[in-house]
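**Q** Quick one: dock chain against chain with the hints and give me the complex.
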Amino acid sequence: MKFSVKGDKLAEYLSKLNSVIPSRSPLPILDNILFDLKGNELKLLASDLEIFIRTTLEVEGKKDGRVAIPARRLLDISRTLTSASLSVEVNDKNRITIKTSNGKYTIGGEPAEDFPSPEEKSDLHTINLDGHTFKRYLSKTIHAVNTDELRRNMSGVLMDVNRNELKFVATDGFRLAKIIKKDFKKQSEIEEKIIIPLKTGQHIMKLNNNDDSNIEFDDIDLKVSFSDVEIYSKLIDDSFPSYENVIPKDNDKILKVSKILLSDSLKRALIFADVITKRVRLEIKSGSMEIKADNPEIVSEGEETIECTFVSNSGSEDFDKSPFVIAFNASYLLDAVSQMETEEINISFGNSSKAAITTPSKQADNEDFIELIMPVRVG
Amino acid sequence: MGSCIKILPLSLSNKIAAGEVVNRPESVVKELMENSIDAKADSITVIIKDAGKSLIQVSDNGSGMSEDDAVLCFQRHSTSKITSAEDLDRIKTLGFRGEALASVASISHVELKTKTGDDEVGTLVRIEGGEVKTAEKTNCEKGTSIAVKNLFYNTPGRRNFLKSNQTEFRHIYETFVRIAVSNPGIEFNLFVNDDPVFELKKSDLFQRIKDIFSDTFSDSLIEVNQGNEIIKINGYISKPNFTKKSKQDQFFYLNGRFFINRTLNFAVYSGYDDLIEKGDYPSFFLFIEINPSKTDVNVHPSKMEVKFEDESAVFGMLRSSVREALKKSDIVFNVGFDNTIKFNDTTESFHFTQPGKKEFSGHGIGTSFSGNRQSKSGNIHSIFEASKEFQEDKKDEPIVPDPAEPNIFSHTKKSETEGFNVWQYQYKYIMCQTETGLMIIDQHAAHERILYEKALMSLNSQSYFSQQLLLPIKVNLTKIDYVIAQSLKDEFRNLGFIVNYLKDNIVELSGLPSDVKPGKENKIFQELIDQYKEYELKLNLDKRDNLAKSFACRSAIKSGDKLQYQEMVGLIDNLFSSQMPFVCPHGRPTVIRITTDELDKRFSRS
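Note that the protein sequences, when read in sequence, are chains A and B.
For reference, each letter of the first sequence is one residue, going 1 to 379 in the numbering used here.
For reference, each letter of the second sequence is one residue, going 1 to 606 in the numbering used here.
Just chain B, same shape as in the assembly (with noise of 0.2 Å):
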């Protein structure tokens, strides 16, 4: 028998490795751009077709390379950033393993161009597979231009775990913008199917930003700057009042570099104190220069992730910016009087079991549904037909509870509520006396039931009400989300808000879901998007459930507000005849309901 172990040939072992390095279109444009910048660029274009799938060019007027070098670029391990071991703890470019260029060339077709200031002519190279095809003079400016086309033509299953244009789209925009905002002094156009997205022109920090988002978005930033020997830190942070309710916008670069590190961003919002209220995030760009050698970036090959010598120093650090940065502008903080004087959380708890909890906890998703449904016989039909037909969807369905099991929910029914004494608890809760006990309804997660139900009829039943507006409201979007507002058109108008695109990522609402609380309309269209956004890299939901549970989330009513008498019997008849009345759409149950006969023990009556 002979030896079973080999040693794989270089070409394929080029196309393991480049999976680590090039999982996506998005990681070609970045060590792309990445090399342009090493090479000294000051005007970067990227084009991309087909979401990357069929062409990325990324040309600049950097130094250029030499012939020799055009070829050997593209060998593993082949970089002019390093020589030894030692540069490791110095290093100042982006690129530096030598890994890139290979891996690009060893899974798809990549044309070079390539000219030094001091050739007179250019190198042509083409490379298909990792193996040179041609190899040859030819006429060009000074700088690099690299063409990757067929990405991914000989590792299918790599190709086939690619993402829908429009997500592919998105890693590219996001990691350009990235890049775009850490080197404002670099002009860089961005061409997507030969349309410009961006053309972005020199500038400062401050005027980049604002290019790439909007006026508004960048008037609500604060200046940061402090630093001593060690650690600077700079950059700029939003006022309190602009947060968002997704984990966006948010950029750390260290000496120049993209990272993510959740402990800093924890150290962001701490230094917030309670400027910001839990589950609002801020933007921030924010750039820490640390000499390289208490740091290490080759961690992963897409240098996403760095480890700190002192992480504890440079979270200290962070927080006294932001702190700084905050105490120092002035941060218009409107806290009406009815803020202040809010019931405070009471000390003193009340530790009821939740006699529901059991049944809930003790079913897992996908439990099969049945009975312990009011008859909803007449309801689809309505006058208003809305809800033709109305496919019923069970299979996400999250826990019910078991019918078989003895139900503490057995009793509720509707008219149980009716006439009887229904109060608003902490502006949070609805009390609800009932024939056996108490009634507690979390109005949020209630009210998130119903929306929820609601829009998936809606979207299932291709008819809509919208509540015109007399003056339509114009949402400034970004360029990312106003694609994905383009490709929900439909569904927008099904859930009733009548969307108008018009130029410069801007939407006009003219109509809005009659259902929506009035007054915060812009608001919750754009963490409509924010929320469809999340839930799509989290839960790989279907398009229209996705939208559902965004929508319900975002426009339900919230822990805070304050509720009317009718509101709130209102609320309570829709929860209860929707279909699953006793979890919202994320599975948290919306009532739990405690027995006079529960009370009476408690309190040691017989």
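Next comes chain A alone, as it looks inside the complex (with noise of 0.2 Å):
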């Protein structure tokens, strides 16, 4: 294999795979990058075993090859050789020679074929989203999934195809966003629901610049296709919980706010909350949110009022004699509100122990956009 490329574009191309590589792995082939030129093609590979991602460059190819080289020395050096260009050449035992104008650099590599490969499946069902969607729903609805690995249903984003609805949903127990796509036309017949893991999705959003997306998936298996960039993952195996019937349909009592006030006045809550629980106490009047933190261990306790105004309630509730009071842990509060990409949002409100549920106080074309919150119950 021979060919040459510029320093700052090949490490351009090598750290969009940095992240999926194991920091410390039991297979140590995975410290390696495949590298794998036809003509003026390079195609570069790396994978966690769970998470492959291919990226695809120009190069001047001289000799078509494959080889794995070993990700970190390779990146550390192409970093510092921005504006150089490198002629890489790997000779038949693996071993890759770095030249430049005025230097020479080895690096032993490992043979391709020891670098495992994706499973490449024909039969898979294909939807495509144009970029703006696919990573935006992804960025809705991931800060919500579940992170510890026990309950496995909830470790991922669903995303659910309908005949004419796009939903991505994620939970994990304390609170769930939710958001749908409604002028979704299906390209087939397909109705699919899927789990698509955290790790796949992260990798998903730091790599898809709005590129457009080409989904291909089944029952187990994912690929993600855009610009230069492709993503296999295994899918989550096992069905999402039922969630539909969980979000409350009744909450009369909705409340606008401001979002900037919100969250900042959360985020000043935060400071002085318990750390562990994040404790904060909203007391809402007709016109005005008293949220309130403290953490009596240490003796610290912070409280603000904001304005607010009631869109609307059941009608008899006189707030100013009695406040509708709710507590919440402040970081699922201040995430949902974060979301929202309107200066004033609606929350609404059952009963103290009932979900909440955080919209933009005008939704997006075509969409729907919610997140629920359970309450701390205070009793």
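Hints in this document: simulated from the structure, not taken from any laboratory.
Fair warning: there could be bad hints in the mix.
Keeping only pairs whose Cα atoms sit at most 20 Å apart, straight-line, the calculated EDC-like set for lysine to aspartate or glutamate is [said to hold, decoys possible]:
1. A/LYS267 - B/GLU567
2. B/LYS523 - A/ASP148
3. A/LYS182 - A/GLU367
4. B/LYS113 - B/GLU34
5. A/LYS354 - B/GLU508
6. B/LYS558 - A/ASP148
7. B/LYS562 - B/ASP515
8. B/LYS474 - A/ASP148
9. B/LYS562 - A/ASP148
10. B/LYS479 - B/ASP50
11. B/LYS40 - B/ASP118
**A** Here it is as structure tokens:
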């Protein structure tokens, strides 16, 4: 194998793969990146066995070939030679020589055959999503994914491809984020639910620059392709919890509040709240919301009041006389509020032990985005 | 002077002997059920009222007794099961000593109805305090039915020693289960206060275990079946990843008789090798069959202990049977990459003396608390009013460093830790630099202390915080755990567990304490109950104190849990604002400290 390439270009593509390379792997071959050169097309492949990521770049190819090259050292050297033109040559003992105009570096590689390859399946379902949608929908939900490894069915984002809706849902049992694309037109008869693992979702979000995406899947495997990147991943082989029934339909108190005031207030409350429970208490009157946090253990306490208005309520309640009081884990509430893109947001409540629902004050076109947060019941 | 020593009248000596055979209602249930089995019954019904204190009735369809036998059976050392000393070596029946009925009859009101297959009419015998009051003909089905009422009515001392109904019932429950497991071919029914607790149809061992415990439990079992001419072992053991934190659900039977033997427990554990962690216990149901002449079960009237002629052979056989069974079954044992490449315990060891140790060990439990506590003014008044009225209950507080002695911790103020380096050592200890040295905190013990105090506070304050769940979690309990859980309903709520009690021993958790690490809720809940039972037996704690300790022990972060910087700082902050930062609720130290002076000395710096 022989080719030449600019240092910064190689570094750019290597760093795309860097995050999938396991830091401490029991399989040493995974410390490598597989180089596969055909003509001027160089394919780079890295994997942690669960996820494979492949990128393709143009180089000046001189001789085709395949070899696995230790990722870390190659990335480090190419990063420091950004402006130089690198000439890379591999001999039949898998020894890699990199030459610049004034330097020569040698790295020992591994045979290409030792590197695992992703399973290429042919009869997968396919959907195409425009770049804006895919990344946006993942980013609106992924924060709610369950991060402990015990409840596997919640440890990813549900992609629910429906007749004429596309839904992304994530939950950790304490909150739930759901976003629906209403104008989704499916290209085929498929109606599928898949759970994209958290890590796979994070890789997609990192590498996708709002590029149009081609998503292929069956029950077990997922392949996502966009621009010059291909990601192969296993899906979570479990059924997503049935969540529709737990979304309250009768939250009658709907509150409108400034997003920035509330989120800033919550950030400050978190400083004074118990670091583990992160509990804040909201005391809502007809025109104001008091946000309180305390940690009596270390004598810290904070409270502030922000403006808010009721968009609707059941009518008979006088909140100035008896305020509506509800407590939350502040970081859940803050996460939800931060995802809203409008200046004002709506929060609806039923009672103080029922889920609160946050929504943007105005939904984006053809979209329905909500986040549900379970309160902390105070007795 | 006449002679002082007299032979006791029979009624008195029976009463005394009764204490050994019958020490609680459970013993009566055991004796009667075993008699029914020995009478070759294939359907046995047990009726319990008031945890056996007012009524224990066992009815069977066994061989029954003739009129003569029905009266004779209440005589001491009367038995149909052996006739000569040689028979002792060939015992295949469960009972044989001939003490049980006589003992039971001497301390209660007994009503016996029995009829053999050959007789036309049956016999009714009523006995009070060992005296036959009536013996008459009666109409009844083939078999024997014995009702024992007002147990211990004439031995008030014994009666006063009985525990709560809940505890007594648990003993009965355990005995019933032990017998039911080992006799799957017999139909068993258990009624408690007229409610059916068990209705067990004839089946095989596996189905019987399934019926008594649960489907999920039986799914976790592996069959054991091995043997040679001398010893045969069969039964079931649990898969390594279904272990429990307490030694429950461990059943040994020798020739069909339940027994307890710690050495053999260990044989089973060691059969698992490294598949289970220390402190995790497998469940098992193991039946050992040996020629009765090679064992001695007549060690104690309760027959719970067994002597083996060659215990090491049994030990070896058990271990290898367990190993074989585990090897044959396909155990999916999930070892993540992270587990396999954890830091190995380094062989080099640090032999620092623990400066705090002297202070800790020098004081006994119960030292009164004085000083050395940060001012908690303002703490009690929380905006949540959580800590309404915290009753400081100090009598149970463990060891306290004496403030009069030079205290290694006296410099430790909360502020010392702020802005300093904090890091986690082997996911087990938190290392923290302070102004005057290095502080090492045991993360589990420290968190236990914090949670214990919080739990006690919420249990005493009648107010609670509970993070509500979007999707309630169902937990499958055994009947006895379900009963315990019900009895702790209010306490659970005060801790933050919102528990809904469903049918079939299932509970649903719809809210959790907000400081429990998510993901393990149902495990923590089950372990909490297990721990509660264990402490109840061992420590005789107050209900709340027990629950607070159990909760703290089971929901505290464990050694091996990775902590974020913020979590470590939070832990340290909370620890040092607790009432008793330096010892965990069990009295172990939470913090040790090595002063810079100490280090300097060790490195021979002057």
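**Q** Taking the numbered hints from earlier one at a time, note which ones the structure violates and give those numbers from smallest to largest.
**A** none
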